[in-house]
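*Asks:* Okay, here's what each chain looks like letter by letter:
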Amino acid sequence: MSKGEGVKPSRIDPKFRYEVAKMLGGRDVLQCFQCGTCTSDCPVSRFSEKYRPRYIIRMVQLGLKERVLNSDFLWLCASCFTCTDRCPQGVEVANVIRTLKNMTAMEGRIPEVFKVILGNLVKTGYIYRIPDSRIKRREELGLPPLSKVNIEGLNKSLQNIGIGEILKEVLQKGGEVDMWV
Amino acid sequence: MGVSQRYLIYLGCVIPYRVSSYEVSARRVLNKLDVELVEMPEFNCCGLPLEPLSHKLTLILSARNLAIAEQTGLNILTLCPGCAGTLKKTSRELKESRALMEEVNKHLGESGLEFKGNLEVKHVSQVLIEDVGLDKIKKSIVRPLRSLRVAEHSGCHLSRPKKHIGFEDPENPQALKMLIGVTGAKAIEYVGETECCGSTIAAIDDKVSLSLVREKLLHVREAGADALITICPACHIMYDVNQSRAEKMFGEKYNVPVLHYTQLLGLAMGMQPEELGFEELRVKPIKLLEKIQSSR
Ligand code: SF4
Ligand code: SF4
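Those sequence lines, one after another, are chains A and B.
The numbering of the first sequence is this note's numbering, which starts it at 1 and goes up by one.
The numbering of the second sequence is this note's numbering, which starts it at 1001 and goes up by one.
Here chain A stands alone, though its shape is the one from the complex:
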């Protein structure tokens, strides 16, 4: 938001802050007094121009639901919990941000990489496809074999948790994603 721009009332959802506050981990969002400690100490904010946890919290308080849920920067939070530990108001900042991501996901909008790791989870129980070469290497290194996951049992437990759409979609997906390199 640049100075003086104002926000069109039609873009405001006055109940949004309560909606977030009701979600698991979103409770303290109303207590934030915008001191900026979270942003000053956020490692991601140091290297990203667009990522500012304080703004995110403010957007929630103001009811800018669409703007915050549609933002790509939401997914930049590294979940390091530095903000949560240092917030003088006891706001669980990282949890509020996670709550917002969860809300976006419930609407079926998530970055591609999450679809891939979720796809791997429902097929193997792990978020990665552990390659055969690794399984063999375990043997060579004298490590015990990996236990076999009861996939059917696992998937039975994952029904009706609000992400049904994505779950259906990822059953078709999965595969190699290199999260790291």
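Treat the hints loosely; a few may be bogus.
Chain A is faced by these chain B residues, among others (derived, beta-carbon under 8 Å) [to be verified]:
no.: 1; residue: Leu1050
no.: 2; residue: Pro1052
no.: 3; residue: Lys1056
no.: 4; residue: Leu1057
no.: 5; residue: Glu1110
no.: 6; residue: Cys1156
no.: 7; residue: Gly1198
no.: 8; residue: Ile1201
no.: 9; residue: Ala1203
no.: 10; residue: Ile1204
no.: 11; residue: Leu1212
no.: 12; residue: Met1249
Simulated from the structure, these hints should not be mistaken for laboratory data.
The structure displayed is predicted, hence computed values, not measured ones.
Glycine residues also receive a C-beta, built at the ideal position from the N, C-alpha and C atoms.
Once you've looked at the hints, dock chain B with the ligands against the given chain A.
*Replies:* Relative to chain A, chain B with the ligands alone:
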């Protein structure tokens, strides 16, 4: 403190996926310290990487692991602080809310499981300090690494968020420093000790996560450390495997070897690098090993 301890070892996803060096060295040193590890009958992802998607999914995934573990009557030891933190947080959250516990148990009940909340989860560093004890570790040292000066990196999830984890002071972590101390090596101070490695957003924004890697490696090098010591598989991947990617991105050379704490401890116990998974390391700690050799 008992003579021998038994734990279920919970591996998580990252270690079997690509960080065998940590598992190999951890199993060896724990064995030497009379810590018996029992394999989980079955386990799945702890849920941490999927938390941005759905908190409930994370709760169910970690509660499922806990429910399976509870049937054995043993407590859990993890090598990954992310797994330990997630399992601990879930346990706490469910025990604090009856309604939530019932809801999660309804899901687990679909496959005949139930979370009761009667086991403890500890990261290996916590087991070493609280259950094995520094004295016992000290007695196992046959080759004190007095010539080494190393930098510790405990990582975020061993201690943050403080009110849910409760082990260690996140603003002034001491556990890993004490553990380094017993090996004879010196744990040095450096700028940005408690900064995040960026692993959780490596797949979202390369530039930001590798900038965090770069910053850390520069600070460690500046302090004149012989190596960076980690106790988290994700941090280790960022600093070791991704060191060359950061070098490429920023057109620099860092040459900072990154060892798992359990490798450092193994060396001090007189084990050979080959026994401790050193060949899996991307940044070869040649100078460090020479330094240990020549100081004997
Ligand atoms: S540190 Fe806490 S009170 Fe300060 S701006 Fe961030 S969330 Fe608000
Ligand atoms: S948890 Fe997210 S918002 Fe908070 S300091 Fe870490 S990266 Fe920044």
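*Asks:* Evaluate each hint against the coordinates.
*Replies:* Results for each hint:
1. Leu1050: Check passed: Cβ of Leu1050/B comes within 6 Å of chain A, closer than 8 Å.
2. Pro1052: holds (4 Å)
3. Lys1056: Holds, about 5 Å.
4. Leu1057: holds (6 Å)
5. Glu1110: holds (4 Å)
6. Cys1156: holds (4 Å)
7. Gly1198: Holds, because the Cβ-Cβ distance from Gly1198/B to chain A comes to roughly 6 Å (cut-off 8 Å).
8. Ile1201: With a minimum Cβ separation of about 5 Å from chain A (threshold 8 Å), the hint on Ile1201/B holds.
9. Ala1203: This interface hint holds because 4 Å falls under the 8 Å limit.
10. Ile1204: holds (5 Å)
11. Leu1212: Check passed: Cβ of Leu1212/B comes within 6 Å of chain A, closer than 8 Å.
12. Met1249: At 12 Å from the nearest chain A Cβ, Met1249/B fails the 8 Å test, so the hint is violated.
Consistency note: the structure conflicts with earlier hint 12 alone.
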